Amino acid sequence: MSGSDAVTERKLLLTILSLSLCAAPVMAGAGQQTLVIKAGKVWPITGSAITNGLVVIENGKITAVGANLAIPEGAKILEMPDKHIMPGLIDGHCHLGLSLDVFAEIEETVSAVTPDMQILDAFNPLAADVTKALRSGVTTVLLAPGYKNPIAAQMAVVKLPGGKKDAGVINRSAGVKFSLGNEALMSDRRPTSRPGLIAQVREELNKAGQYQEGKFDPRAEILKRAIQGQLPVHIYCNAVDEILAAIIIIDEYKLKAVIVGAREADEIAEMLAERNIPLIYMPTLLLSNDKDLKRVGRIAAAGVKVAFASYAPRTNLSDLRTSAIIAAKYGLAPELALKGLTINAAEILGIAQRLGSIEPGKDADLVILSGDPLELTSGVEMVIINGDIVYQKEQK
Amino acid sequence: MRGCVIRLIFLSAQLLAACTLCGQEKTVAIRAGEILTISGAPIKSGIILIQNGRITDIGTEIAVPQDASVIDASDAVVMPGLVDAGALPPVRGDLNEQSSEMTPALRISTALDPKSRVLKRIVQTGCTTLYIAPGGANLIAGLGVIIKPVGKTAAEMVIKDDAALKIVMGSDSTQGNRIPWYEPPTTFYYRRPTTTMAVAWMLRKSFFDAKQYIASHEKEDPNMEIIAAALQGKIPIRVAVRRAIDIRTALRIANEYGLSLILDECTEGYKVAEEIAKKNAPVVLGPFYYYPRTSSQYEEGREVNWNNAGILAKAGVRVAIASNSQEGPRFAATQDESIDLLTAAAFAVRHGMAPAEALKSITLTPAEILGVADRVGSLEKGKDADILILSGNPLAATTRIKRVILKGETVYQD
Amino acid sequence: MRFRSFAVVCVTLIVCVVSTLGYAAPVRKKVAIKAGKVITIAGPEIQDGVILVEDGIIKAVDKNVEIPWDAEVIEAKDRVVMPGFVLAHTSNGLDAQNENVPEVPFLSTFDSIDPVSPFFEDSLRDGVVAMLVLPGNNTLLGGTGTVVRPYGRTVETMLIKRYSGLKISLAPPVQQTLRYMDGRYSYQSTASVSRMGQMQRFRRYMAELKDYLEQYEQRKKDAKEQEKSFDEEIDPRKQPMIDLSNGKLTAFIYCGIAADVPKAIEIQETHNFNTALVLGTDGYKAADLISKKKMPVILDPQLVVWETNEETYAEEMKVAPAIFYKAGVKFAFQTDTSEYGRRYLWYQAATAVRYGVDRAEALKSITLYPAQFIGIDNRFGSIESGKEASLVFLTGDPLDAQTWVDKVMIGGEIVYEKAKDVRLKKLLEKPKPEEGQQTSQDKNTD
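Residue numbers (this note's numbering), protein chains in the order written: chain R, 1 to 396; chain E, 397 to 810; chain D, 811 to 1256.
Hints listed in this document are in silico derivations from the structure and should not be mistaken for laboratory results.
Model, not experiment: these values are computed from the prediction.
A couple of the hints might just be wrong.
Once the Cα atoms are required to be at most 30 angstroms apart in a straight line, the calculated DSSO-like pairs of lysine-lysine come out as [said to hold, decoys possible]: (1) 511/E with 1230/D; (2) 844/D with 710/E; (3) 607/E with 207/R; (4) 1236/D with 674/E; (5) 254/R with 511/E; (6) 1048/D with 511/E; (7) 548/E with 294/R; (8) 674/E with 1235/D; (9) 207/R with 710/E; (10) 256/R with 798/E; (11) 601/E with 615/E; (12) 291/R with 132/R; (13) 803/E with 1038/D; (14) 207/R with 630/E; (15) 1038/D with 1020/D; (16) 291/R with 548/E; (17) 1030/D with 1048/D; (18) 873/D with 798/E; (19) 1020/D with 1136/D; (20) 224/R with 615/E; (21) 1230/D with 710/E; (22) 1128/D with 1058/D; (23) 291/R with 1095/D; (24) 710/E with 1235/D; (25) 798/E with 254/R; (26) 329/R with 511/E; (27) 329/R with 548/E; (28) 1140/D with 869/D; (29) 615/E with 207/R; (30) 798/E with 1095/D.
Covered stretches of chain E, going by a simulated chain R footprint (3 or more residues, C-beta under 8 angstroms) [to be verified]: (31) 483 to 489; (32) 492 to 499; (33) 753 to 765.
Where a beta carbon is used, it is the ideal one built from N, C-alpha and C, also for glycine.
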């Protein structure tokens, strides 16, 4: 090979390199234009609502939000002057996409203590209820096992599948679910009694405390992380005595805990507030009397952080927002209702650095509604996940 | 100058005194037509002074403080709040842990529901101290707790946890068995004892194992710890028995191991009254029935004697009358009724018990049996201000409870 | 000669003795009861009263009554004597309370009363002298009742009044089956027909009955016109319901829940039956409704019901007799042997007084009112001249928990004495050790 050939080669290499470097941003953003949404009202959640605001989305992330912003070159602009835009809703507790027979898949009833199991292994992203769920405005869910195990499987945080990039699993092991409700009592498997339930939970946590590294004991290993506060624990309980029992265990084993369900928590809200224990409240749709419907408002007013859940398919994912609306009608402060659907859930699930509000740097998971999010008459018009439009309501 | 300073000091001293007085709770005084102290002779036209939830003075010549709030019960009868040594459990879920018939470390105190309607009803019938036992389906059933029926959390209600170890020596622990027909045993329902002799053997074996455990002390076993503590007399043992033969078995085993016992239910206790008295075992009777209603009552408790309480008391046995109305393992653990202890005592008298003895059997005697007689069970200086104000003789069928005072607070008023 | 007069004297003596033994001359049996207190129910209570009885009928009752020289005197100075208690409704004492078929008004409890049933022995022991035994609560038209006294070897000797009362039940028949599931036994109730089905059945029956009668009358009329003889009788299976319409029978309508009461009232208003309501535990909720109709009411044995106030979580005691008393409704009690005082009518009355019912009214509710409800108040329910001498001798005031029934007199005869009650003795006294039975000297228990 002669000297000039080597130079030509080098020049060629350089050209290709520089060209590819130029192309890199193009390739990287291949198919993803900058998206700018102009909405009648923007609800960032972490700041006040913005009338006639803008949200700028680039590469699947929010890069700017405000009124009177500079619109980047070549951006695709969506004009929605009479619509509202808010962060994609986050469902704090559901059983979506768990195979055909949901209840069989989520209740591992033969064995009472199963923290080594992971609910994600039962998740079917192609299930009908998952695809239908996209039109609900919910973009991220916490998948959980059922209520019949005192110590159930590990939960997962999942973004609803859709869009060009498979954003799927955010956290395979988001925590362990405990059930301290009477639903966990079975007749043919321990525990059959309430005191037995408490005794069994204590036994398992005590065993975990004595777990030595290196020994094969997957359950104890996982529960040890729970006792050390590294793995959150979501405790399902509804009645006052159940919640009180949960608090005793949380205090004793210093768990990083969340109460799920928490129907009657208003009666002991101060105890939860002083311990900073957040709640994922049950769907208000399942409540039937005034007295119960007023509870969640009182809990939030006492300073407890509250997020919402749909328990899907027990209620539909689209009912998540309805839960918050009903709660607001029965006394929950509107801003807390909105927070409960978004940032509170994100904080509780440990994903607030990327989800839960419309702020620069966060994932572009957004839902566009035909009206105020806390009005029942508002419908979901468009859902965006990671900057891609995954659902758009058909225009007649 | 000095005078001003002195006056200032004097004033501030007065203010300080006034403040400390403000900090102290106001006295409550009850003027009663008749006080039945239970521990002593009745006091006619007496006064009870209450402060900070305790009785500070009681008698006829008592000075009532100026600022005391006075309850006028001058046409009423006053007696101590009742002590139910076997109350209806205020628990929402199932009581019975069927997965094993030996559950010594099971604590009913972990399952208490402070919101239970049982507590609200029982207060209205005059009970101010309750012993809650674990479920009766297991041979060694677990640990009971003594509570007062008022409190926002279980902890606020409890006055003594691990109050007694419940042992059930009848056919109760043999219930729920499924005899394997054509398949091998697959659930824990096959493992339970099925005969009375097996029940006695299993009890002996657990005591034997506990003794080994005390001697060797290898590793921590919560169940063995409890049985060991009971063997060493640290936790009282309450044995639920119905038939005379089972009572004898219980006494026999107790003698073998040098144990003290409290006997529960004791439907046929009247047949072996002297033996029980000789053993100095107190008895907690209940429920009373004319005809057996539950299957275990049919099987083991058919031979009733309405005067069980009277016969036992006459033989020198300490008798407490309680609700003990927890049905057997096969039925729902909680009922929505509550037994009226005053009626129970009235009928005990009707059937042959002495009136003073009967009143004691729902107050001081159960308090002594439960080990809380230092605070409840009679109206004495220093004891908790748990007081009932009645419209008349407590043993009369037409007497009403007008007011229930618990720890100095009125919790029910007619 | 001496022998002859001796023989004459002997024969005369023998004849005299034999005549007094064998000759059944109608001697009027007279009894005088000297009581510490007489509660007549009809008037004020009488201290140291005397009751004169002749042939089982009360002749007089007063403080100073002249006692006939040939009267048997019963000393009861330390006793309270009052009319024997009347139980206005019970389904005990039968082998089975309910027939499987819903419409059987022609059945009669007379044919299934078991004189040996412990229920009657207990009732007598507890002071009941008359009771109406009706079919149970599970049959729409259950059958007719019988008024009996709880004393007698056969139903004929127990009989006070036959063909008395017709039982109607508005509660759907409930079957309780004992099931074994999940390691425990439980009773599962299955209703085989709904409440609306029950009412519809009743309406249909009455409509068909009306039809039947009209056609019967038509046939009768036709026969008369054609001057033919007419000997067709009314179907005996329908006779009791016809007698109900004619006022010959009283309907005892069981309302399992308070919501059944308006339906019972509808039946009464539509068909104009004499009606008494037999209520369930929540019957007090219909007190105002019933007070407008002034219908007699027979209360459930459970008089005290706890209600939970869902808003405040408070528990309130509802006492049925107190509520009905306030609403001005006359009531009678039922009993059951579940606990303590509920088996005694007098204790039910004491409970009523405890919660505010007037004493006299409560005592009437265990004597006169039930007698009126079942139509035997001409003979029972109070101590008055002309009524049957069926009385209870109590050891104390009827509203005292310590009172026992000491004696029961039925028709002038003492038929029960507590002192001679062997079964009761066994239930109250310490058993004597039998031969060879282990005593406390037994080594094994040391």
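Below or equal to 30 angstroms on CA atoms is what counts here, so check residue 798/E against residue 1095/D. holds (25 angstroms)
Checking C-beta pairs, does the region 483 to 489 of chain E have three or more residues closer than 8 angstroms to chain R? Held - the region 483 to 489 of chain E has 3 residues with a Cβ nearer than 8 angstroms to chain R, which meets the minimum of three.
CA of residue 674/E to CA of residue 1235/D, is that 30 angstroms or under? holds (26 angstroms)
For a C-alpha distance cap of 30 angstroms, please report whether residue 254/R and residue 511/E respect it. Since the Cα atoms of residue 254/R and residue 511/E sit roughly 26 angstroms apart, the hinted pair holds (cutoff 30 angstroms).
Between the alpha carbons of residue 511/E and residue 1230/D, is the straight-line distance 30 angstroms or under? violated (51 angstroms)
Starting from residue 207/R, check that the Cα of residue 630/E is at most 30 angstroms away, please. holds (26 angstroms)
Below or equal to 30 angstroms on CA atoms is what counts here, so check residue 291/R against residue 132/R. violated (33 angstroms)
When you check the alpha-carbon spacing of residue 844/D and residue 710/E, does it fall within 30 angstroms? It is violated: about 36 angstroms lies between the C-alpha atoms, which goes past 30 angstroms.
Holds or violated: residue 256/R to residue 798/E, with C-alpha atoms at most 30 angstroms apart: Violated, because 48 angstroms separates the two Cα atoms, which is more than 30 angstroms.
Holds or violated: residue 803/E to residue 1038/D, with C-alpha atoms at most 30 angstroms apart: Violated, because 91 angstroms separates the two Cα atoms, which is more than 30 angstroms.
Just to be careful, I want the Cα atoms of residue 873/D and residue 798/E compared with a cutoff of 30 angstroms; is the pair within it? Since the Cα atoms of residue 873/D and residue 798/E sit roughly 39 angstroms apart, the hinted pair is violated (cutoff 30 angstroms).
Assertion that chain R covers the region 753 to 765 of chain E - criterion: three or more residues, beta-carbon distance below 8 angstroms: Violated, because only 0 residues of the region 753 to 765 of chain E bring their Cβ atoms closer than 8 angstroms to Cβ atoms of chain R.
Checked against the numbered hints above, the structure breaks hints 1, 2, 6, 9, 10, 12, 13, 18, 19, 22, 25 and 33 and satisfies the rest.
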